[in-house]
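Participant: In order, the protein sequences belong to chains A and B.
By the numbering used here, the letter at position 164 of the first sequence is numbered 164, and the numbering carries on one by one without gaps.
By the numbering used here, the letter at position 9 of the second sequence is numbered 9, and the numbering carries on one by one without gaps.
These aren't lab readings, by the way, just hints derived from the structure by calculation.
Ideal Cβ positions, reconstructed from N, Cα and C, are used throughout, including at glycine.
Be careful, since some hints might not be right.
[Unchecked claim] With a straight-line cut-off of 30 Å between C-alpha atoms, the simulated DSS-like cross-links for lysine-lysine are: (1) A:Lys157 x A:Lys172; (2) B:Lys101 x A:Lys120; (3) B:Lys146 x A:Lys140; (4) A:Lys120 x A:Lys172; (5) A:Lys140 x A:Lys157; (6) B:Lys170 x B:Lys146; (7) A:Lys120 x B:Lys146; (8) B:Lys101 x B:Lys146; (9) A:Lys120 x A:Lys157; (10) A:Lys140 x A:Lys120; (11) A:Lys140 x A:Lys172; (12) A:Lys172 x B:Lys170; (13) A:Lys140 x B:Lys170.
[As the list claims (entries may be wrong)] Examples of chain A residues lying across from chain B (beta carbon under 7 Å, computed): (14) Asp53; (15) Leu68; (16) Val81; (17) Ser82; (18) Gln84; (19) Gln88; (20) Arg99.
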Amino acid sequence: MKATVPACVCLLLGSLGGCSSVAQSTEHITPRDATLLATHVQPYLDIACASLDCHGAGDRPLRLYSELGRRADNSLRTQPVSNQHDPQPLTAAELEANRQAFAAIELADSTPDRHLALLKPLAASAGGMHHVGGVHYQSKTDPAYLCLRGWLVGDIKQDIGTMCAQANAAVKP
Amino acid sequence: MDAVMRSGATRGLLGLILVCAASACIGVSPEQRLAQDLGPDTGPYDTGPYHRAGFPCTNCHGDLWWQDHPTFELAGTVYRTPTDDQGQDGAVVSIQDATGKTITAQTNAVGNFFLVNGGTGTFRGSNQGSTVISGALVYPLRVSVKAGSAVQQMRGLIWRERSCANCHDKRLGAGSNGRVFVQESSP
Chain A
1 MKATVPACVC LLLGSLGGCS SVAQSTEHIT PRDATLLATH VQPYLDIACA
51 SLDCHGAGDR PLRLYSELGR RADNSLRTQP VSNQHDPQPL TAAELEANRQ
101 AFAAIELADS TPDRHLALLK PLAASAGGMH HVGGVHYQSK TDPAYLCLRG
151 WLVGDIKQDI GTMCAQANAA VKP
Chain B
1 MDAVMRSGAT RGLLGLILVC AASACIGVSP EQRLAQDLGP DTGPYDTGPY
51 HRAGFPCTNC HGDLWWQDHP TFELAGTVYR TPTDDQGQDG AVVSIQDATG
101 KTITAQTNAV GNFFLVNGGT GTFRGSNQGS TVISGALVYP LRVSVKAGSA
151 VQQMRGLIWR ERSCANCHDK RLGAGSNGRV FVQESSP
């Protein structure tokens with residue numbers, strides 16, 4: 001009977017340990033995961049990449065849809081976005097088109113760091129290449145770089161979340 | 001004699017080809033085409049700070065198109081409401097560039113404002129819409145507009161565009177958020 005108490009304590013500690021391991025999840029996502037695009041990556045793309053004067057322009061390579069930029073159809077913007085009126089959320093079809101746009105510029109050798117969406121906005125000093133839209137990642141440890149890279153290659157979900165949140169905070173007006 | 005005539009004809013033909021080639025080179029440039037595509041100005045002002053309100057100013061007043069001076073760092077038209085055709089007089093446009101430099105411009109009677117980088121030029125009187133700045137803007141830009149107690153903060157950033165109207169076309173739709181305005185609707 002006396003042995004029951006330590007056993008209960010042991011079980012309790014075991015459960016807490018279980019909770020702790022959930023908090024430090026190492027769950028990997030599949031590359032270009034559709035859900036993570038919508039929840040974590042797209043908010044960064046909305047502000048940093050997909051404006052109408054950049055990748056929201058109709059004739060731009062890697063054309064992207066966004067709530068504030070280009071929509072797939074006129075019916076998706078029936079009133080101007082303002083302080084009082086939020087934009088309509090992106091449709092599943094628009095998000096899928098964005099996902100496919102990234103897939104389309106993946107290089108044949110599929111080396112993760114050689115994806116054009118990582119190379120072009122990266123500073124030349126860090127191994128990047130020319131980007132008309134300027135440098136967005138100063139180094140390969142930039143949260144925006146890690147956010148996008150993690151999503152493209154299928155990294156640890158929790159790490160991507162943290163990086164994307166930092167990237168979003170840095171560009172939000 | 002025949003040989004002389006043939007030689008003269010050949011030279012003439014070569015001359016014609018050269019003239020055609022030269023005129024092709026002198027044809028309309030992409031920048032000229034962009035400016036021409038704006039079509040005629042429907043407003044009452046031929047030139048000056050009040051003309052072409054609502055048009056993309058830097059299609060002509062840009063560094064790629066040298067015929068219309070001055071050239072603008074940033075320019076646009078602010079309207080009172082999204083559906084109002086009358087520009088907002090005296091609206092304050094606040095622009096913060098990537099270095100943190102903040103510039104405040106004021107719209108003129110038709111709602112136009114334009115930033116001119118240094119130099120000398122016309123339209124520098126008060127309430128003419130012109131704001132002289134020193135040094136180029138460093139993108140991206142954060143922008144807000146204010147008139148009286150009404151304020152609108154742009155939710156996105158401007159990454160490269162110099163004319164508001166190239167993104168804020170009056171035709172609201174998939175490729176435009178409509179005009180730049182300060183009030184949600186008419187009071």
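Participant: Each of the hints needs a verdict: does it hold here or not?
Facilitator: Hints, one by one, checked against the model:
The straight-line distance between the Cα atoms of A:Lys157 and A:Lys172 is roughly 22 Å, inside the 30 Å bound, and the hint therefore holds. Restraint check: the Cα-Cα separation between B:Lys101 and A:Lys120 comes to about 27 Å, which is no more than 30 Å; the hinted pair holds. Distance hint between B:Lys146 and A:Lys140 is unfulfilled; the C-alpha atoms sit about 39 Å from each other, more than 30 Å. Between A:Lys120 and A:Lys172 the alpha-carbon distance is near 21 Å, which keeps this suggested pair within the 30 Å criterion.
In summary, the hint linking A:Lys140 to A:Lys157 is supported, as the alpha carbons are separated by about 18 Å, within the 30 Å threshold. Between B:Lys170 and B:Lys146 the CA atoms are separated by roughly 19 Å; this keeps the pair inside 30 Å, and the hint holds. Annotation: proposed proximity of A:Lys120 to B:Lys146 is violated, straight-line Cα distance about 37 Å (limit 30 Å). Taken as a hint, the B:Lys101 and B:Lys146 pair is honoured in the structure, with Cα atoms around 18 Å apart against an allowance of 30 Å.
Restraint check for A:Lys120 and A:Lys157: the C-alpha separation of about 24 Å stays at or below 30 Å, so the hint holds. Simply put, A:Lys140 and A:Lys120 have alpha-carbon atoms about 12 Å apart, close enough for the 30 Å limit, and the pair holds. Taking the CA atoms of A:Lys140 and A:Lys172, the gap is near 21 Å; set against the 30 Å cutoff, the hint holds. Restraint check for A:Lys172 and B:Lys170: the C-alpha separation of about 26 Å stays at or below 30 Å, so the hint holds.
A distance of roughly 41 Å separates the Cα atoms of A:Lys140 and B:Lys170; the hinted pair therefore is violated under the 30 Å criterion. Contact between A:Asp53 and chain B, as hinted, is supported at the beta carbon level, the nearest pair being about 4 Å apart and thus within 7 Å. Checking A:Leu68 against chain B by beta carbon gives a least distance of about 4 Å; that is within 7 Å, so the hint holds. Look at A:Val81: its Cβ gets to within about 6 Å of chain B, closer than 7 Å, so that hint holds up.
Nearest Cβ of chain B to the Cβ of A:Ser82: about 6 Å, under the 7 Å cut. The hint holds. A distance limit of 7 Å between C-beta atoms decides the matter here; for A:Gln84 the minimum to chain B is near 5 Å, and the interface restraint holds. Look at A:Gln88: its Cβ only gets to about 11 Å from chain B, farther than 7 Å, so that hint breaks. For A:Arg99, the suggested interface contact is broken, since its CB lies about 19 Å from the closest CB of chain B, more than 7 Å.
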